[in-house]
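Number of protein chains: 4
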Amino acid sequence: MNEIKKEVMHVGEMASGAALTVPVYRIKGRTDAPSVYIQANMHGAEVQGNAVIFQLLELLTNTKINGDITLVPYANPVGCNHKNGEYTLGRFDPITGVNWNRMYHFDESIIKPFVRECIGKTNPVIEANFKKLMIESIEEKLNHNIYGLTTGQRIAYQLQRLAHQADYVLDLHTGPISSKHLYCPEYAQESAQYFDIPHTLLIPNDFDGALDEATFCPWWSLQDAFAELGIEFSISSASINKESFTVELGSQEQIDLDVALEDAKSIMNYLQHKNVITTTGYLPKTMTRYGCYLKNYKAFYSPMGGMVDYLAEFGQPLAAGEPLARILRMDNYGDGDPLHYISLDKKVIPILHFASASVNQGTELYKVFSEYFEF
Amino acid sequence: MNEIKKEVMHVGEMASGAALTVPVYRIKGRTDAPSVYIQANMHGAEVQGNAVIFQLLELLTNTKINGDITLVPYANPVGCNHKNGEYTLGRFDPITGVNWNRMYHFDESIIKPFVRECIGKTNPVIEANFKKLMIESIEEKLNHNIYGLTTGQRIAYQLQRLAHQADYVLDLHTGPISSKHLYCPEYAQESAQYFDIPHTLLIPNDFDGALDEATFCPWWSLQDAFAELGIEFSISSASINKESFTVELGSQEQIDLDVALEDAKSIMNYLQHKNVITTTGYLPKTMTRYGCYLKNYKAFYSPMGGMVDYLAEFGQPLAAGEPLARILRMDNYGDGDPLHYISLDKKVIPILHFASASVNQGTELYKVFSEYFEF
Amino acid sequence: MNEIKKEVMHVGEMASGAALTVPVYRIKGRTDAPSVYIQANMHGAEVQGNAVIFQLLELLTNTKINGDITLVPYANPVGCNHKNGEYTLGRFDPITGVNWNRMYHFDESIIKPFVRECIGKTNPVIEANFKKLMIESIEEKLNHNIYGLTTGQRIAYQLQRLAHQADYVLDLHTGPISSKHLYCPEYAQESAQYFDIPHTLLIPNDFDGALDEATFCPWWSLQDAFAELGIEFSISSASINKESFTVELGSQEQIDLDVALEDAKSIMNYLQHKNVITTTGYLPKTMTRYGCYLKNYKAFYSPMGGMVDYLAEFGQPLAAGEPLARILRMDNYGDGDPLHYISLDKKVIPILHFASASVNQGTELYKVFSEYFEF
Amino acid sequence: MNEIKKEVMHVGEMASGAALTVPVYRIKGRTDAPSVYIQANMHGAEVQGNAVIFQLLELLTNTKINGDITLVPYANPVGCNHKNGEYTLGRFDPITGVNWNRMYHFDESIIKPFVRECIGKTNPVIEANFKKLMIESIEEKLNHNIYGLTTGQRIAYQLQRLAHQADYVLDLHTGPISSKHLYCPEYAQESAQYFDIPHTLLIPNDFDGALDEATFCPWWSLQDAFAELGIEFSISSASINKESFTVELGSQEQIDLDVALEDAKSIMNYLQHKNVITTTGYLPKTMTRYGCYLKNYKAFYSPMGGMVDYLAEFGQPLAAGEPLARILRMDNYGDGDPLHYISLDKKVIPILHFASASVNQGTELYKVFSEYFEF
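Protein chains in written order, with the working numbering: chain A, 260 to 634; chain B, 260 to 634; chain C, 260 to 634; chain D, 260 to 634.
In short, the hints are calculated from the structure, not lab data. Careful, some of the hints might be misleading.
The list cannot tell twin chains apart, which means a pair is met if one copy fits it or any two copies do.
Heads up, simulated DSS-like pairs for lysine-lysine below, C-alpha to C-alpha not over 25 angstroms straight-line [claimed, not checked]:
| # | residue 1 | residue 2 |
| --- | --- | --- |
| 1 | Lys-544 | Lys-287 |
| 2 | Lys-606 | Lys-390 |
| 3 | Lys-554 | Lys-400 |
| 4 | Lys-287 | Lys-605 |
| 5 | Lys-557 | Lys-400 |
| 6 | Lys-606 | Lys-400 |
| 7 | Lys-371 | Lys-264 |
| 8 | Lys-287 | Lys-533 |
| 9 | Lys-265 | Lys-390 |
| 10 | Lys-605 | Lys-400 |
| 11 | Lys-265 | Lys-554 |
| 12 | Lys-390 | Lys-557 |
| 13 | Lys-390 | Lys-380 |
| 14 | Lys-554 | Lys-605 |
Using the sequences plus the hints, can you model the full thing?
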């Protein structure tokens, strides 16, 4: 049985002085083996990842561990506990409105000077030095601030400091009401098939503040900077392999331990493939897998206010002209049109929809794969 | 085809001066036939009643109408449009916290003086005079206030003025995540079977501010006051029949027009039975019907904070000791008990549970029928 | 220098498992001397009481202590830390809307049986036994609950358990934007003059869930029950003296340590008068003191939606017809009346007004003393 | 007396179908004279601008008007009416968290093609064509959207369509608790002195979604693009003059009609200087005026959670080491440091502070001018 070490990380303070803490679970591996960092519940309502971490810990206890495994449930103690009415208002800082998953750090300007210093060094040395630089950069942000950090930055940076120590990073999220899907950097598309998730979003090297980007963009940018100099430094190689995913587990505001076990097995399969663990028990499921480039992942905003009967099934191609939803407008009954069918003029795969039937004109109704493909 | 008349009722004003309005639909019947008042969406997230009113209007268009029918969707324009994050914060006034369905009016002190004036009058005269008194009372509250009314009172009283004009009142609500159930005054238990709803709560003559109470308590108290004098004045008779129900249609934050059609048919059946309409198309479904007195309708508060995997199926008896839910406490993993099974030591029927997996210690987890019975 | 003992009381748990704790400060006195319990910040935005407790502790350190002194700042760790936008949404449980200061416990039915058992006992024995009964009742509520307690009850009962151990109870609150005022049970009017607070509300023996009521109503009801039997049991006597006040310190969302020192001195004066401490440094200020019975403390609800320029000065009599406020309705500019002056047709003393300029029709605009008197 | 025309602009729909409308006031001038667009209350709690528009309309009624004047109070009907507790949660969309003043539109890619087409045209023709292009661009965004617009974009774009028709744009805001200050594009610094506002922020040509930027950045970018080609096209000239300011009027959640009259007069002075009106009654006040480049406008985030006694006076230079605030941490009393003084190690001018005494670690405590200068 593997030893699971628990720490409690202090990430902030509330007005009453109450400490904001995050539990950190570690299973120690060999330093020369690939390592993984997995966190859950950065958005307060997206709780299912905690159940997946629970099931992962249960599974990992008796699995052969190669590299370090770090697991952080309840990653955001503000978002996790912030209720407004019965639901959890956890997508953004309730004071500022800033999305909790847009506060991670990456300063692209560190790349070029670093590359210049690396000329002539071996790839393993470069890898080690760059990892060190990333961790130092984030510690610099945490420790040397005249004007301070925002609440969300302080939380994000402390999580990021843990994430930068791993080769693979999984950030467990959910959609509002949603099918499972995966945010995957374009260069790591091959790895998407190890997850039991039929829909994959392929994302480019653009940093927008999320954890997956904050952990793969630096390496990707480094690879690109070397490539510009004609030097090969591959982050998808056998020797240096860096990947980071946002795993969307389904719908928010729900815990289902049985489904969580399935998702934990899917992650075990990825970890086995990446040699973080050695086990034979896990195989990816056979399924049709759809891919879509991020630029073709479209949000569809409601063309009117009203009450929505969501019709389109998730995950399956929806033909052009087929209804996504019908919108009830009882105020129009008798002197207008009380029922409106909403459709698109092209084929799409609906991935998620808004969490409530009540929408304003302009509320994000659906997110869909357009221009998708099988892979 | 029956004529459906639409009015727009002005119920208040926002800070910008924007009018708070409510649509009122009326189908005119004979004045000597029994009448009904139906409203929906007093709580902002409980939107399905609007869809039921839509389907009712569709069905009523070609049905023989006997008495007046008044339908009010979107009854609460504040609650209906108040979002916090993706969900609708519509159970209480966001400024004061007061439940929107606890602001109706009934002043029991009007009963005794009224009864004294009625000695010797016929029941139809008494009925007409009491109805007039109730409407006048509410108009007095609306129009003669030195210190004013709260936002919620102004909305509630205007709805109540409409409701007092009808013999039967249906207030369409939903639970958070919930099975269908019916709040029914004890004296009207016989009518509960005309609805396709398997669970009925029998409520006593205690006024607590809700619309159903505000419309049946006055008549019930009148009946009781006469009975104390040895005079029979029955509100469950062929000549005078007053009933008021809160119809809980299922879960909040959802619109399903197909399910709404089923519920509309169930209401059509009740209206046909009460002779508000004449039709032959609707029959109550055969089902096991469970009753429970309000005092035995128990809220179960979470014994701990945590993330809940709700296990108990709605609507079916759950044996003593069987789990209602299991609660995940990842913070205890490794040095405590991460999974807690929650059960009761008596047989109950779970009716609804909390809308979110995240609960504080003391959050209302489930509501259950205890001491229930078949009828 | 007196020893100040600090404890941390665990009052609940959040969804993440985070403990809800409250700091409790105690200064030990003689058991035969009168004791006091002081708490602050039960409503989240009403923070100034914490500063008053800070200044009290500073003053008490070098004061001669007679009886036990218990001080609880940050009494409500949920309300205290719950932000929505920049402000603190702390007047009610954000999940249920229930006012945090309406969840204390008093079951009047314990009085009569207790009185029957007391016949023939001495007043000091009765006092001791009743205190014991009150504490046992609240512990019974805390410990023996099949269906559990709400989050707010669990917090309130634990505070109440501390309060029941003291002779004098001060619950430090503030209004929204407000002058200082005092809620005082009618029988304790004489004590109001020891506070440097010009406005006193005299409240009857009606329990509505607040801490002041929950601590004085039991004693008052006991006194009344004995009186009905012709037995004198006075709670305003030299030997048995029980008082409980809600002290409204001014406006919410503000900390001012200098003003807090003034208020701490005012409380020191009361404590010296009650012999909880012995000191000569504190004397009540000379001021015109106004009283008002609770039934004459009127809330004035806005007769329209709009944006309010509050005009009436706090604390001074306002003649009939003089404007309380003027309400801007820009939407009416050009085709209506953009500016409305609001007044009452009787003399009042404005005590507090709403915290924001934006009001709906029906928002509580002002609270005023009507039918006030000097004392 | 000038004619003030009122229109009601439909900018969206709520879930109930309720129309979101904005009142638009217009005073017609000569087409060859400079025109102004003034709006208020884009952020819901920042209501004082409505009162300023009220006073402006009162003043303008009897003033000689040269160019078109358009005034829009209550610019954001969602934010304006959204309450959470007593306060207005109006800085961001309550569903998404996106700041309402970050949703305006400017697509820099239109500049270069436009410039290429302009070679050889006269400046007045270029000006007219560019204005037309800006309006067409925004109408294109409003009318041709397959996937729709967000709620906030729809509101913002409709306001922007009005703003693009004017030469001068004033967006009336307030801070949380704040002194008056002005956001001014660097090239328009000379105009800042016509306002009775002692503090001016000078902002560069960087578009971040706010209305002032959305109206001056296009012209500034156009000027720069011509300059790159060696062509002079000045937007600060006598013939072509484009300016746009965010005017911060003081603190939010307050209406003061007397102060509003002062601010209206300050704006009248600017309009007279710009020849939008002709009048002799208004002169800028003599005052020390401080300027600060945007990059030196620093937010200071709280280094700890706690309850803040704000000490620094607004608008006056604060010496290095002098306290901005002291933070109370009652939970530390007895076993830690309950009072912390917060200061900076350089001279600054405090401009605004957070609206509440309760702050988390990382809450924005103050905003200050650093590296400021007199002008």
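Report task. Any hints from earlier that this structure breaks? Give me their numbers in increasing order, please. Result -> The structure conflicts with hints 1, 2, 4, 7, 11, 12, although it agrees with all the remaining ones.
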